[in-house]
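Protein chains: 2
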Amino acid sequence: MRLTLKLITPYIRTLLTLQRPGVIQDGFASILTPLRKMTSQGQGVVAREELHSYVVRCMEAVGTKRGHAEALADLLVSADYRGHYSHGLNRLDMYVNEVKAGMTSTGQDNEPTVVKETIATALVDGNNVLGPVVGKFCMDLALKKAKEAGIGWVSARGSNHFGIAGWYTIRAMEQGMLGMSFTNTSPLMVPTRAKEPTLGTNPISLAAPGNNNDAMVLDMATTSVALGKIELQDRKGEPMPSGWALDKSGKETHEPSQYAGLLPLGGTEQSSGYKGYGLAMMVEVFCGILSGSAFGPNVRSWKEFNKKANLGQCFIAIDPNAFADGFSDRMSSLIDHCRNLDTAEGETEVLIPGDPEKKHMQECDGLGGIPYHPNQIKFANELADRLGVKPFEVK
Amino acid sequence: MRLTLKLITPYIRTLLTLQRPGVIQDGFASILTPLRKMTSQGQGVVAREELHSYVVRCMEAVGTKRGHAEALADLLVSADYRGHYSHGLNRLDMYVNEVKAGMTSTGQDNEPTVVKETIATALVDGNNVLGPVVGKFCMDLALKKAKEAGIGWVSARGSNHFGIAGWYTIRAMEQGMLGMSFTNTSPLMVPTRAKEPTLGTNPISLAAPGNNNDAMVLDMATTSVALGKIELQDRKGEPMPSGWALDKSGKETHEPSQYAGLLPLGGTEQSSGYKGYGLAMMVEVFCGILSGSAFGPNVRSWKEFNKKANLGQCFIAIDPNAFADGFSDRMSSLIDHCRNLDTAEGETEVLIPGDPEKKHMQECDGLGGIPYHPNQIKFANELADRLGVKPFEVK
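So the sequence lines, in the order shown, correspond to chains A and B. Under this note's numbering, the first residue of the first sequence carries the number 8, and numbering increases by one thereafter. Under this note's numbering, the first residue of the second sequence carries the number 8, and numbering increases by one thereafter.
It is possible that some hints are incorrect.
Given that identical chains are not distinguished, each listed pair holds provided it fits within a single copy or across any two copies.
As the list claims (entries may be wrong) - Computed cross-link-like contacts, SDA-like style, restricted to lysine to any residue with a CA-CA straight-line distance of at most 20 angstroms:
#1 Lys-366 to Ser-93
#2 Lys-154 to Ile-126
#3 Lys-397 to Asn-347
#4 Lys-72 to Ser-339
Please keep in mind that the hints were generated in silico from the structure rather than gathered at the bench.
Model the full structure from these sequences, guided by the hints.
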């Protein structure tokens, strides 16, 4: 029954230790439930600045250039602050190990470079530095192009794990632009009618600004769920709902121990899973196929650490001023309309993409930092000890 | 039990008359099943050129400018040839009625116009001419920009139903470009946790060229299924599978007579339907929000014919040569890899987006035209009679 721990080594430590009944049923609310649980259990709260400098210390300890360590710290703090605990502090040791093993460049002699460009597009080689450094470089380039040409479309090869896709698109949105980002990832998803994991969870993010700092921030995998949700069901000894996973024969399974691959968004063929498969392929076209990075089944597997990742990613910035005046008014109008819809029986509110994260950030602000489960804090202390750096302070 | 006929007036005549057992379970194969059924029942076959000139005659009979009638004919023939019978000849009377009623412009004094542009983007006003005329204008503009700037992104307002999204993206692909297209549509989909149809089936299409005329052609609604599939279950007296539809209280229903709204791709919140909802919203951002057309709940309803549609649409062309060399090699490599995957138990082949349509076209080529159900032919003859034009010849 513990098979999944073998499958995904540095994965969702926080989630696994939370034992949150009901989170699987929550969907939208899954970001908020752990936080409430943690705070009600009196867990430790870490100020964002404190977490940031700790991440920088850890990364510098393995030789990472300061500016690169800071970019990663920005990303990881943002992930946890937004409630995406699987992609924040939880993944720090993965980045540390990758740099330490020489699989990701320290960045001391490397920066991303532009291989080819037009006024509105660019092909970038990440030169194997940390994913957030590549992504930030690409999004900033896309923004520059969008200011000149109305749109900037940048695809990158030679990159590494870039964390939450939303970090890049919010960066665009904060400059009044629409931002989009995509990455390919290790093969975990099984195409419709097949039985072998072939494409990644290939996320899509779009951030679009409304009025008064309101926004829509979509950040979603093109699989039904992430592997972490299956781990959690396994740990709880509960069956998986329909539409999540396949066994090794390619049949849908509800039994976590039989897990052999993720179903695309939409689930089985009957419930239109081939659309999620098509979307994952679309993301791969924007990332690996356009950029010439590793792609599809050739992306190294999730547990493979003896070869460079060479991930493909894509970043788009769009200037709404190049289109009809009043973009943010219309955006806010649609957002507000959706939020104010009458709810289905048994529901209390209709959300728009980005609302759960917004609430999580508000709760963190109330606490003066990000709440963590004791196991997560323990692990961070152990990592600090191993690297010989000062741990973070817990409130 | 016949409620759905009240909901969607000019809808899927072909599908409704086919009585195809098993098609709902087919998913990918749903394009091929009706064709095999029709040919095995010895139905009429209509040559593509014959259908084309018939559509032009019908549209000219209600005053449509010849070039506009031809664009619509190209689109409708392509839809049926590709197996998307719901969007081909089946919809001709809708276009006829819209022009006749003055809801869509005849195009005699109107063409789409560019409202604003940069080297890589444009905002177009469709000036209420036929959707395919607007779409063709926009995609050709996007292609021109992509040749100069690597990418062209065009959003349009003042448009009408544009038929299959794939028609526009294939147009780009035939010039060696990647094509994307999107449209907003009448509210049919219910956002997660709500109960009222608020967004459309908002489709996404991407066409990307491989080698030797091979390609990936994704063309999908962001709802789990189209309304036609629910109609069909109703007609067969069979329950709907999970993930398709909601009743008026916002609860999932399996009973066609209880249908009150479509679920987004992914189904309920538990199976990640909020992702499909997010994707539909993304499409709306590209279409209505960028262009300033009607959007979301303000798009006229499917049965409303007394106001202009003012739909929003979006067309993107990307020059793969602006990125890494060898795009089509990598595309073909991914396509071939997926097609050659071992199949799940009980399956005979793994397909890629566009394969079902490819097979349908091959079968049509073998027949020397497009096969239609007798009811569809009868309806077309009645329409010809009503408009006083020559009907098409049936082989």
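Results for each hint:
no.	hint	in the structure
1	Lys-366 to Ser-93	within (18 angstroms within a copy, 43 angstroms between copies)
2	Lys-154 to Ile-126	both (10 angstroms within a copy, 12 angstroms between copies)
3	Lys-397 to Asn-347	neither (47 angstroms within a copy, 52 angstroms between copies)
4	Lys-72 to Ser-339	neither (41 angstroms within a copy, 39 angstroms between copies)
The structure fails hints 3 and 4 (numbered hints given earlier, in ascending order).
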